[in-house]
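Next come the chains, spelled out residue by residue.
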Amino acid sequence: MSPALWLLAPLAFAPWLRVRGGRHASALVAVAAMVEVAIAALISFEVIPGVELAAAGDALTTDATARLFLLVIDAIFLGITMSAWLRRRVNQGVPDRGALDGLFAIVFLVAANLALVTNHILLAWLALEVTTVAAAPMIVRPDKPGAIGASWRYVLFSTIGLGVALLGLLCLTRGHDPAAAGSYFFDELARTRAPAGDGWRPLGVALVVLGIGTKLGLAPMYTWLPEAYDEAPSGVAAMLAAVQFNCALVVLLRVLQLPDALDGPAPGVLLTMGLASMIVSAASILATRNIRRLIAYASINHAGVIAIGLALGGPAAYGVLLYAVSNAFIKAILFISVGKMEHHYQSKDMRDVGGLIKDLPYTGLFLMIGTFALLGFPPFGSFLGEMLILSSLSATGQLLVFAGFCVAIATTFVATGRSVFPMIWGEAKRKATWPRQTAVGSLPKIAFMAALVMMGIYVPPQLNALFRDVAAALGAH
Amino acid sequence: MTTPLVVFVLILLLPLFMASWRTSLLGLAGQGLLMAWMVYDRAPALGLDDGAALVDLGLLRGLVAPIVLYRVLRTRGVPRRNDVIPPNLLSWTAVLVLVLLAFRFAAALPMPAHERPFVAVATAALLLGFFVLATQVGVFSQMIAVFRIENAIAMFTLGMPAEHDGWWIRGVEIAVLAVTLALFRWYLLALTPPAPAPSEEVP
Chain R
1 MSPALWLLAP
11 LAFAPWLRVR
21 GGRHASALVA
31 VAAMVEVAIA
41 ALISFEVIPG
51 VELAAAGDAL
61 TTDATARLFL
71 LVIDAIFLGI
81 TMSAWLRRRV
91 NQGVPDRGAL
101 DGLFAIVFLV
111 AANLALVTNH
121 ILLAWLALEV
131 TTVAAAPMIV
141 RPDKPGAIGA
151 SWRYVLFSTI
161 GLGVALLGLL
171 CLTRGHDPAA
181 AGSYFFDELA
191 RTRAPAGDGW
201 RPLGVALVVL
211 GIGTKLGLAP
221 MYTWLPEAYD
231 EAPSGVAAML
241 AAVQFNCALV
251 VLLRVLQLPD
261 ALDGPAPGVL
271 LTMGLASMIV
281 SAASILATRN
291 IRRLIAYASI
301 NHAGVIAIGL
311 ALGGPAAYGV
321 LLYAVSNAFI
331 KAILFISVGK
341 MEHHYQSKDM
351 RDVGGLIKDL
361 PYTGLFLMIG
371 TFALLGFPPF
381 GSFLGEMLIL
391 SSLSATGQLL
401 VFAGFCVAIA
411 TTFVATGRSV
421 FPMIWGEAKR
431 KATWPRQTAV
441 GSLPKIAFMA
451 ALVMMGIYVP
461 PQLNALFRDV
471 AAALGAH
Chain Z
1 MTTPLVVFVL
11 ILLLPLFMAS
21 WRTSLLGLAG
31 QGLLMAWMVY
41 DRAPALGLDD
51 GAALVDLGLL
61 RGLVAPIVLY
71 RVLRTRGVPR
81 RNDVIPPNLL
91 SWTAVLVLVL
101 LAFRFAAALP
111 MPAHERPFVA
121 VATAALLLGF
131 FVLATQVGVF
141 SQMIAVFRIE
151 NAIAMFTLGM
161 PAEHDGWWIR
171 GVEIAVLAVT
181 LALFRWYLLA
191 LTPPAPAPSE
201 EVP
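Each protein sequence line maps, in turn, to chains R and Z.
Numbering (the working numbering) for the first sequence: 1 to 477.
Numbering (the working numbering) for the second sequence: 1 to 203.
Honestly, the hints are just simulated from the structure, not real lab data.
Treat the numbers as computed from the prediction; the structure is a model and nothing was measured.
Fair warning: there could be bad hints in the mix.
[Unchecked claim] If you want the ones that stay clear, here's a sample from chain Z, every Cβ over 10 Å from chain R, calculated: (1) S20; (2) G30; (3) D49; (4) L59; (5) L60; (6) V78; (7) W92; (8) A94; (9) V97; (10) A107; (11) R116; (12) T180; (13) R185.
[Stated by the list, open to error] Here chain Z is said to cover these stretches of chain R; the calculated rule only asks that three of the stretch's residues, wherever they fall, bring their Cβ under 8 Å from a Cβ of chain Z: (14) 122–128; (15) 143–153.
We treat Cβ as the ideally placed atom computed from N, Cα and C, and that holds for glycine.
Take the sequences, apply the hints, and build the full model.
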């Protein structure tokens, strides 16, 4: 049995949710996530003896891309669920969301893992579709009338984006070998070059970029993202931004790892979508006064940076990976912190919040650290990743994109700082009571922060080897 | 072009010119059933894979989806008229141009001649689906656009060389489509306000 199949183990917790009637749903989901992290670690560091990695034609794979992102998304999912569970233990006023949401969370987790380890293009697409279907009901909150509309638009855009991506994936199978039955396996497709003059592969890659770009929140199909992140519970927003984002990214990486993938219109499409996303997000960050929307627009900005890096191919590959992984941790820290802040102040408006560092010291501290990392300050991994992408832009002679990139980043920097820093250090706006803030409750965020700093200063050799292997698959030397 | 493909194009076009939600649903049902018939016609000795395709196209897309949406709209007492595209000469011209473009596009792609009509019709269905999506803001019309796009993708796969993803993947696809359909029903119920009761005539 492929070790990747072990990743289905959390589904065994689903019947427990029914037995317990949802009373301890968040605790059960956290335990399921712990099991998944343990399995992911066994797979990622290859500690299971005698494990054969996927051979050609296997439906599941544990290649470097899968191993790197398994570690990242499972660790983040565990952090998010632990955070939710600890928050409920400390503050009894926070309701548990019940058995059904617990079930959706487990299905989401398993499907997200499956999207990373699958070698079969239809299975990868189906896994992404399942993450969407599982996440959509979790966005809805009974006390938020706008949430169901946001959830619908999330499903609508996701279905359309994934539909376009599926069409692209099907075009790739046509381009493989027109004389014989096309292959549905990424590794088989990666071993063959498209015949000269074959239009299917470039068309397929361009469609996948457009379709997955919608899932990543790239312009022009980004409008679902701010709304969904704004209306969803903070944990769900973190799951979408940090977990689902990376699952979609992995499917895109697998397509861009194919030979000739960047020979057609794909780099142009990626550069255009990336730069447009950065400009749109910078303008939106300037205009918004809603902290959740600000993080959502920053996510669009990150997606833009990643798209530009991917368009450059090999030279920027390592930077893109570092940037993508760092941003997953940043978004998780920020959404968890904002969830707590929102509960405290009963407002998402940044003008209603002040003196956070005194009022909610841990939340204020993490919001500050998250914002610095978001803006690409050293010593975080996002800084190093962004620098590597910028230097590749200049090395490859993309000076116009370089200039646009710098303007968008500078605007984002000023707009974010102008809104967020007064919240952290400004005068307290409102006296509010809060049971207590414990260091234990902040453990997941401390772990996320440690990971962020680690990626900026010292990446352990085993992890670095994974980064390098994935970058090499994208053409890095 | 085979007769079923010509009929498919007609089924794609007619609901765009007849502004009623019942016609839209009939169109969806027609698309699903016609594609199921094409699968059956291609391989009358049904294997597991073809059987799964029949369930997907004929049962789920051709019958269950339209019936589920019909029941919700009837329960809500939604008025008969529902424009799928703006009712003006510009839209009608755009529809015809999109169909022509789809056929020109398919002619430019490298593929065996017998596959070309499938790709042309699938591209036309896809472009029309996007046109509906781009011009409508109502939840029901957007759902119709989504189903049109999904059907276009199904038509695209019908024209492909006998591929084999395996019946189990088809099974997962059917399960995901069924759950998506349930989710759509939920959204349609939640986001479609009940029609106001007719006010009594005052003499």
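Each hint, compared with the structure:
no. : hint    : in the structure
1   : S20     : holds (22 Å)
2   : G30     : holds (20 Å)
3   : D49     : holds (13 Å)
4   : L59     : holds (19 Å)
5   : L60     : holds (15 Å)
6   : V78     : holds (17 Å)
7   : W92     : holds (24 Å)
8   : A94     : holds (19 Å)
9   : V97     : holds (21 Å)
10  : A107    : holds (12 Å)
11  : R116    : holds (12 Å)
12  : T180    : violated (6 Å)
13  : R185    : holds (12 Å)
14  : 122–128 : holds (count 3)
15  : 143–153 : holds (count 4)
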